[in-house]
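**Q** Chains as they are written, first to last, in our numbering: chain A, 185 to 625; chain B, 2 to 480.
Among the hints, a few may not be true.
Derived DEER-like restraints, expressed as beta-carbon distance ranges [unchecked claim]: (1) Val-459/B to Ala-297/A: 26 to 32 Å; (2) Ser-527/A to Arg-217/B: 39 to 45 Å; (3) Gly-428/A to Thr-118/B: 37 to 43 Å; (4) His-168/B to Lys-395/A: 53 to 59 Å.
Dumping the calculated DMTMM-like pairs for lysine to aspartate or glutamate here, alpha-carbon to alpha-carbon at most 25 Å [claimed, not checked]: (5) Lys-436/A to Glu-185/B; (6) Lys-546/A to Asp-44/B; (7) Lys-395/A to Glu-233/B; (8) Lys-133/B to Glu-274/A; (9) Lys-198/A to Asp-44/B; (10) Lys-546/A to Glu-233/B; (11) Lys-546/A to Glu-232/B; (12) Lys-453/B to Asp-273/A; (13) Lys-436/A to Asp-183/B; (14) Lys-29/B to Asp-261/A; (15) Lys-198/A to Glu-47/B; (16) Lys-29/B to Asp-254/A; (17) Lys-29/B to Glu-258/A; (18) Lys-419/B to Glu-232/B; (19) Lys-133/B to Asp-242/A; (20) Lys-29/B to Glu-265/A; (21) Lys-546/A to Glu-137/B; (22) Lys-419/B to Asp-581/A; (23) Lys-546/A to Asp-68/B; (24) Lys-133/B to Asp-273/A; (25) Lys-133/B to Glu-427/A; (26) Lys-546/A to Glu-220/B; (27) Lys-29/B to Asp-257/A; (28) Lys-395/A to Glu-235/B; (29) Lys-29/B to Asp-499/A; (30) Lys-198/A to Glu-233/B; (31) Lys-395/A to Glu-232/B; (32) Lys-453/B to Glu-265/A; (33) Lys-198/A to Glu-185/B.
Hints in this document: simulated from the structure, not taken from any laboratory.
Cβ atoms here follow ideal geometry from the backbone N, Cα and C, with glycine treated the same way.
As a plain string of letters, each chain reads:
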Amino acid sequence: MNRTVELAGHVLEKVNERAEAEVVVTGGASALTRFANSFIHQNVAEEGYAVSLRVAVDGRVNSATTTRLDNIDEFVDTTIEVASLQRVDESWPGLTAPVDVTDPMHYDEETAAAGPDERAATVAEFVAAGPGMRAAGYYETVGQSVAFVNTAGHRAYGRYTRASLDGIQQLNGAAGSGHATSDRIEAIDGRGVGALAADRARRGLDAFDLKPGEYEVVLAPECVGTIGIFLAFYGFNGKTHAEGQSFVELGKRQLDTSVNLYDDATDPRALGVGFDAEGTPGQRLDLVVNGVCRALAHDRRTAARAGTHSTGHGDPGSDQWGPIPTHMFLEEGETSVEEMIASVERGLYVSTFNYCRVLDPKALTVTGLTRNGTFMIENGRITGAVTNLRFTQSFVDALSQGRVHTIGNDARFADSEFGPGMLYVPSLHLESWNFTGGASG
Amino acid sequence: MFDLARAAVEGALAAGANYADARVVLSKSQSISVHNAEPQSIDQEERAGIGVRALIGSGWGFYATSDLTAAAARTAGEHSAAIARASTQVPGPVMPLADVPVVDESYETPHEIDPFTVPVSDKVDLLIGVTKTMLEVEGVAVTTGNLAFWDTNKWFVSSQGHRIHQHLIESGGGFDATALGDGEIQRRSYPQSFGQFETGGYETVEKWDYPGNAGRVAEEAAALLAAPSLEEGEKQLILEGSQLALQIHESVGHAIELDRILGWEAAFAGTSHLELDKLGSHRYGSPLMNITADATLPGALGSFGYDDEGTAAQCVDIVKDGIWVGVLSGRDSASIVGLPPGGMVRGDGYNRLPMVRMTNVGLRPGDATLDEIIADTKDGVYMATNRSWSIDDRRLNFQFGCEIAWEVKNGKLGRMLKNPTYTGITPQFWGQLDKLAGGDERVHWGTPNCGKGQPVQVAHTGHSAAPGRFARVRVGVRA
Chain A
185 MNRTVELAGH VLEKVNERAE AEVVVTGGAS ALTRFANSFI HQNVAEEGYA VSLRVAVDGR
245 VNSATTTRLD NIDEFVDTTI EVASLQRVDE SWPGLTAPVD VTDPMHYDEE TAAAGPDERA
305 ATVAEFVAAG PGMRAAGYYE TVGQSVAFVN TAGHRAYGRY TRASLDGIQQ LNGAAGSGHA
365 TSDRIEAIDG RGVGALAADR ARRGLDAFDL KPGEYEVVLA PECVGTIGIF LAFYGFNGKT
425 HAEGQSFVEL GKRQLDTSVN LYDDATDPRA LGVGFDAEGT PGQRLDLVVN GVCRALAHDR
485 RTAARAGTHS TGHGDPGSDQ WGPIPTHMFL EEGETSVEEM IASVERGLYV STFNYCRVLD
545 PKALTVTGLT RNGTFMIENG RITGAVTNLR FTQSFVDALS QGRVHTIGND ARFADSEFGP
605 GMLYVPSLHL ESWNFTGGAS G
Chain B
2 MFDLARAAVE GALAAGANYA DARVVLSKSQ SISVHNAEPQ SIDQEERAGI GVRALIGSGW
62 GFYATSDLTA AAARTAGEHS AAIARASTQV PGPVMPLADV PVVDESYETP HEIDPFTVPV
122 SDKVDLLIGV TKTMLEVEGV AVTTGNLAFW DTNKWFVSSQ GHRIHQHLIE SGGGFDATAL
182 GDGEIQRRSY PQSFGQFETG GYETVEKWDY PGNAGRVAEE AAALLAAPSL EEGEKQLILE
242 GSQLALQIHE SVGHAIELDR ILGWEAAFAG TSHLELDKLG SHRYGSPLMN ITADATLPGA
302 LGSFGYDDEG TAAQCVDIVK DGIWVGVLSG RDSASIVGLP PGGMVRGDGY NRLPMVRMTN
362 VGLRPGDATL DEIIADTKDG VYMATNRSWS IDDRRLNFQF GCEIAWEVKN GKLGRMLKNP
422 TYTGITPQFW GQLDKLAGGD ERVHWGTPNC GKGQPVQVAH TGHSAAPGRF ARVRVGVRA
C-alpha cells in the first residue's frame, strides 16, 4: 500500500468517532537546480510527508498540519482537543460525500526518479544555447502522491509529476527569457528554451527609452499567464465575489467575444491530482464563454453560502484567500505570433511582466513592469528593443469587447509570477496597454 | 538533536564534501483568522526535519528530510554531497567561505508571555470583538482579523565545529475593514497592512490596543468612499512610518543584498542597480538617510542570535549620511568580494537552503516629529498604510499605493484623499528626504511575507522607521 494512503488511514482510525474529519497526506520528493552567471550555484532536494487534518467537533472546527510522523497520535488528539474548545462555526459546510474520483494520471516515472545529474545536463543545454551570454534560471522536478480520506467514507488518491525549466540569457545589459513546463521531463527541451531566451537577449541589445503612453501590444504567454492568474485570484473567486470585491457579473459579456477561459484539473495537459483538499473531484469549469462570465470557483464553504456545489477548488488557504482556479486554459486562436506582429503598425511586443500588484481589485487595475524583452513593432516588424516600462492598466478593460484583436495558436504552460504550471495560455494581440512610466521614471 | 545534525554533517563529509553544515529544526505555528465576527480558520502547523548543506568546489548541494533518525540524517548528508558534486557539472569559480568565529552557544528570544499558552479561544474572542466593532460602522461590508505565532527551535552544527541552539518566538497580527461603494473598494488596516509582527510573546499583540483602534479604522474606511481621489501632480510627500518601512524594504533592503548584486538572483527576484565598485562613494540619498542592518534590535522581527551559517547577529552600516557603505551578505558572498560576512543568511524552515535575507534594515531616527513636519509643509500630501507595491528587477523604478492620504496645505492637515499613489526612481527619491521623525514615533515595523529564492522562501524581516518627508514626488498615477 502506498505510504500516503497508509498514513491517511491511520490518522482517520485514530480520530475514530470523536469528530467529523478529513485527512490529506502528501508525500514524495522535489528538487530544484538553480543556476546564475552560467553555473549551478544552488542545488536542493527534499523528501518527506505532510499530514493535514481538519476536524469538526459538533461544528467546532480546527485544522492542523504536521511533518512529524513520530507523534501522529498526539497530533490527532491535540487537533480534536483544540477544536472542542472553539466556538461553533456556523458556516461549516460538512464533509464531501463518497464520489468517484478519476485519476487524470499526470504522472511520469522517469520524472519522479530524475536526479541531480539529469537536471544538471538540462541546465548545461540551456547554458550552451547562449554562447557568450550569462545564463540564469532553474530546473525543477517534482513527484508527489496525495491521499485523501474523510469520516464520511470518501477516499481519493493520486500522483503527479512536474518538470519546469525557466531561465534568462543576459548579454551586455539585455536579457531574454524562456520557459517550459510539463508533467514529464522528456518534454523539456533545455537547448530550445535556452535558444529562445538567447534570441530575445540578442534582439534586446541597444534598447532605447520609449515615451510612456497607450500602445497596441502583442503579449507573450508569460504576460497572458499573469493576466490570467489575476483574473482567477481577484475575479473568479467565489469568496471575493460574495464579498462584492470581484469584477465578475455572471451572465454578462464583460470580455471580448473571442475569449473562452476554463479551468480543468482533469484536462490531459493539466498538472496535479484530480481532486482538491476537500476531496471534491476536479471538473471542467467554463469561466468565460464567448466573453460572457459564466462561473466562479467554489470550495465547500463558499459554495454553501452561494447555494451551489463545490467546483473542486478547496485548496489549502482557500478558507482565507478564497477558492482560486489554478488549472486554467485560455482557448487558442488561429493566429501565429509572426502574423500578430505583422498586423501591428506601431506597438510593442512584451515577453514578460514583472512584479504586478493590484491597485483596484474591483476594476482589476494593476501596476507592474515589463521585463526580459520588450520590443518596438513598426510597420509589421520588430525594429528594436525598448527599456523596461511600467504600466497601470485594468486587466478587465484590456480584454473587453473589441479590444482583443487576435488570440495566438501557441498555447503552452506559462509562468505567472505565482508559480509555474497553473495556466496554459497563448499569446494575445490587444488594442492597447497603458504604459505610465519608463526606466527614468 | 545536535547528534542528528552531527550525523548529517559526517555523512556529507564522508561522501566528499569540503564543508558541510546541518540544521535540525522543530517549528510550530498557529494562525487564526476571523471574518465578519465569525471564525474563519484556525490552523496549527508543526514542521520538523533536518536540512544539510555540502560544498564541493563551486557547487552547493542541499538535502532535507522530515525523517529524524540518525540513519536518515546521515543519508541526507550523503545526498547533499552527491547534489553538490552534480552542481560541478556546470561549474563556476570555487566558492570560498569567509572565516567566522566557531562557537558553542545558545540564544532565546526575549519574551514575556509564551503565545502558545494563551488559549485559542481568547485570541478568537479578541478578533471577533474588533471585527464586530468595525462591522457596526455603516458602509463597512467586510472585516477581518488575523493573529499568527511562531515558535522555532534550531540546532546548528558545522564541519568547522559550530554548535548553536536557538529558540525564536515571533508574534503579531492585525485587522482591517473594507468598505464597498458603487464599483469601488476602500480598506483600512491596523497596525499596518498584513498586520504588525515582532519577535517576542503575546505582549507584542496586547500593546497595540486592537479594541481601542477598531472603530477609528472602520470609520476611515467608510469615509474614504466619499473622499475625493488624489489628483496627479508633484507634491511634498510625507510617509507614515509603516509605509516608509516598506519603502525601505523594497528600494533599499533588496537592492543591498549581495547575492542580487552578484547576479545570483538575476532570473527571479532580479539584480540590483548598485555596483560594488561604488561601495563607499555612491550617493543613495540625502544626508538625512542613515540605514543600518541590525539583527540585534530587541523586539524587531528580523532579530536573532546567530544566522543559519553560525555567524553572530550584528549591526552593519548600510547607508551613512546618504552614502552607500554596506551590504547584506553571507560567508560565501562576502568572501568573494572581500568583505566581512554580515551574518544575514537564513533559511525558511528545515527544508530550505539558507540564503542572504534582510535582518532589520531600517532608518536611524531623525530629530523631528510628525506634527513638526506637517507644520513645515506648504503643499503636500500625507500618505499612510500600504495598499500596493511594485518595483522593477533592479530596484529602481517603484510605484506604491496607500490606503489613505490627507492633503497638507500651509502647515495644516486638510481633506482626506482616496486612492493615493506615488512613483519614483530609488536614488532620486531618497535624495529628496528632507525631514525625518524619531523618538517614540520610530517603530520596528515587521514584514512577515518577504518572498525570495526558488523554491520560494518566506522570511520575516524588520524595518525601523518613523514618518519622513520627501521634497518633490510624482503622486496620483492613474490607469
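**Q** Please flag the earlier hints that this structure goes against, numbers listed from lowest up.
**A** Hints 2, 6, 12, 23, 30, 32, 33 contradicted; others consistent.
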